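Peer 1: For the record, the sequence lines run as chains A and B. Residues in the first sequence are numbered from 1 upward in steps of one, following UniProt numbering. Residues in the second sequence are numbered from 1 upward in steps of one, following UniProt numbering.
In short, the hints are calculated from the structure, not lab data. Because the structure is a prediction, the values reported are computed rather than measured. All clues given are correct.
DSS-like mimics (lysine-lysine), calculated; alpha carbons at most 27 angstroms apart, straight line: (1) B:LYS263 with B:LYS92; (2) A:LYS187 with B:LYS120; (3) B:LYS26 with A:LYS187.
Anything over 10 angstroms on all C-beta distances counts as not near chain A; from chain B, calculated: (4) VAL82; (5) ALA96; (6) LEU159; (7) GLN224; (8) LEU269; (9) VAL291.
Where a beta carbon is used, it is the ideal one built from N, C-alpha and C, also for glycine.
Here is how the chains run, residue by residue.
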Amino acid sequence: MRRETLENALFRAGYLAILTFMLLPLVVVVVTSFAESGNLAFPPESYSLVHYRSFLEETRWMSAFDNSLLVGVGTTVVATTLGVTAAFGHELDDGRAGQLLAPLVLVPLLIPPIILGISMRVYFVRAGLDASYLSIILAHTLWATPLVYFVMRSVFSRFDWQLLDAARDLGAGPIQSFVYAVLPNVKHGIFVGALLAFIVSLQEFVMALFLSSHGTETIPVVAWQALRQSLDPMVSVVSTFLILISIGAIVIATIATNLDWLSKQLS
Amino acid sequence: MSGTQSSLPAPIARLWEPLRKRSRSKRALLLMAPLLVFELLLFVAPFLILLRISLTGGSSDLRYAEGTWSVDGYVEVFTNGVLLEPIIYSFKLGLAATAITVVVALFYAYAIRRAEGLVKSALLFSVVLPLLTTLVIKTYAFRPLLSPNGTLNDVLLGLNLVSEPIQFAPGTVGVIVGQVYIVLPYAVLAIYSVLSTMDWGLVEAARDLGASRPRSFLEVVVPQAMPGIIVATVISFAWSVGAYAAPGLLGARDQAFAIEVEKRLLSNLQWEIATAYSVVMLVLMLVSVAVLTVALGRFGGEMEYA
Numbered sequence: 001m002r003r004e005t006l007e008n009a010l011f012r013a014g015y016l017a018i019l020t021f022m023l024l025p026l027v028v029v030v031v032t033s034f035a036e037s038g039n040l041a042f043p044p045e046s047y048s049l050v051h052y053r054s055f056l057e058e059t060r061w062m063s064a065f066d067n068s069l070l071v072g073v074g075t076t077v078v079a080t081t082l083g084v085t086a087a088f089g090h091e092l093d094d095g096r097a098g099q100l101l102a103p104l105v106l107v108p109l110l111i112p113p114i115i116l117g118i119s120m121r122v123y124f125v126r127a128g129l130d131a132s133y134l135s136i137i138l139a140h141t142l143w144a145t146p147l148v149y150f151v152m153r154s155v156f157s158r159f160d161w162q163l164l165d166a167a168r169d170l171g172a173g174p175i176q177s178f179v180y181a182v183l184p185n186v187k188h189g190i191f192v193g194a195l196l197a198f199i200v201s202l203q204e205f206v207m208a209l210f211l212s213s214h215g216t217e218t219i220p221v222v223a224w225q226a227l228r229q230s231l232d233p234m235v236s237v238v239s240t241f242l243i244l245i246s247i248g249a250i251v252i253a254t255i256a257t258n259l260d261w262l263s264k265q266l267s
Numbered sequence: 001m002s003g004t005q006s007s008l009p010a011p012i013a014r015l016w017e018p019l020r021k022r023s024r025s026k027r028a029l030l031l032m033a034p035l036l037v038f039e040l041l042l043f044v045a046p047f048l049i050l051l052r053i054s055l056t057g058g059s060s061d062l063r064y065a066e067g068t069w070s071v072d073g074y075v076e077v078f079t080n081g082v083l084l085e086p087i088i089y090s091f092k093l094g095l096a097a098t099a100i101t102v103v104v105a106l107f108y109a110y111a112i113r114r115a116e117g118l119v120k121s122a123l124l125f126s127v128v129l130p131l132l133t134t135l136v137i138k139t140y141a142f143r144p145l146l147s148p149n150g151t152l153n154d155v156l157l158g159l160n161l162v163s164e165p166i167q168f169a170p171g172t173v174g175v176i177v178g179q180v181y182i183v184l185p186y187a188v189l190a191i192y193s194v195l196s197t198m199d200w201g202l203v204e205a206a207r208d209l210g211a212s213r214p215r216s217f218l219e220v221v222v223p224q225a226m227p228g229i230i231v232a233t234v235i236s237f238a239w240s241v242g243a244y245a246a247p248g249l250l251g252a253r254d255q256a257f258a259i260e261v262e263k264r265l266l267s268n269l270q271w272e273i274a275t276a277y278s279v280v281m282l283v284l285m286l287v288s289v290a291v292l293t294v295a296l297g298r299f300g301g302e303m304e305y306a
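Please put together the full structure from these sequences, using the hints given.
Peer 2: Take a look at the structure:
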């Protein structure tokens, strides 16, 4: 019995340590955003809102925020469309095309983004698309689509396909039967897929670093450049906003689905 | 659709009929076509151009010497120690970060699987929130924690555990901690999604039959979790070998492959070397991912999406 209690205590200590490790950096970011001094220390010596004020006066961050949003929405639309249609097609398909598609979609996720960034930069310069929003959106789509695609494949694999056949038998056309028979049953999946695509785009910065110009740089790109020069408390301010947005997204997603289900879909 | 059949000339009908029967499969192809075209245009084509540039003789720009063929870039990569070292460093980083990540993730995913109610929600939240936070930002947060005058050293000095500050970051320790932090959420979720569908009765049966807790974990839970462990390993390894943010923000010198290749591209403007370097790295990485997958696959389980 004593061994049992000891094991339990160790087990609990173990996961609490990891829990702390997971949340600590985020706590550091939020707390340092309220620091008064410019040098980054944790915990800070004194607190103030000075960096928040300068953040609101800084137009570079504000335009980066707009850029991030624009690129994120663009990526979400393109990746969700491509991912959902392809996963649906893969499910209907009984041939070999789908088996070829899966690895082709998966591999970009494993390739170091710096290599993808280099190859796409070369490519977009030749296509005359360098430094455009479109180039960043397409690059992010390359990373976001596999996630949408695999979420949708697992959703579709649990879908009762007889419903689709029934709709077809009752005279619905391909689009009608998709909208009325399939869509209501998979909308949670599509929502999670789209959310994932948006998050991927919001986070990604290596490809964006290679593909953006001063006018199209996203938040992580500006943050990266600011941090490479010095530790900038302004980055903490931006990050705090982003963390708040993330918490908001989790809350919304939890209401729409539930956390356990969501986290399974995220993997 | 079938009404047109009789009006078709016989030879065409003979060709058309099998196609008509496979209309479902054609529709499937039509649905998959956009993604296929996208992958060919945005992934395969750019990569082929990259490959082509790596085989030219000297180029300082995107306007590489058209029509020339040369393997000088590759020779340079394999003979220049300055270029080989970052590759070795990146692979060491990949192995270290992956080993730590997978062990910690397995434990944490198991803890989430066992937890209930509010504790379970808190543990899941702690995984999902970092996942949603920008990589650059969560990595940089380790600077004030791990630097010589940072929080960890303050604590260690305060407890008299060390006599002078240790430089965790910038340095290799910092890079590994940062990289583990980046990939851990993905690894935890990959393993958790498998564990959550696991039949818990098996663990209880093992315990009833007298297996200790660690033993039931190692002999029942781990084999069941193998598909998730493989996914976690592949993701952690691939992303750590190619890591750019953690070495860039927490590294001491520019040691990692990604940093070196960026330097070659943007400062030195040696495109044929930089592209050859990328190709070599990519091949090494994909081969080692394949070897890892096969090796782990022998312990049971199949990779879900391969």
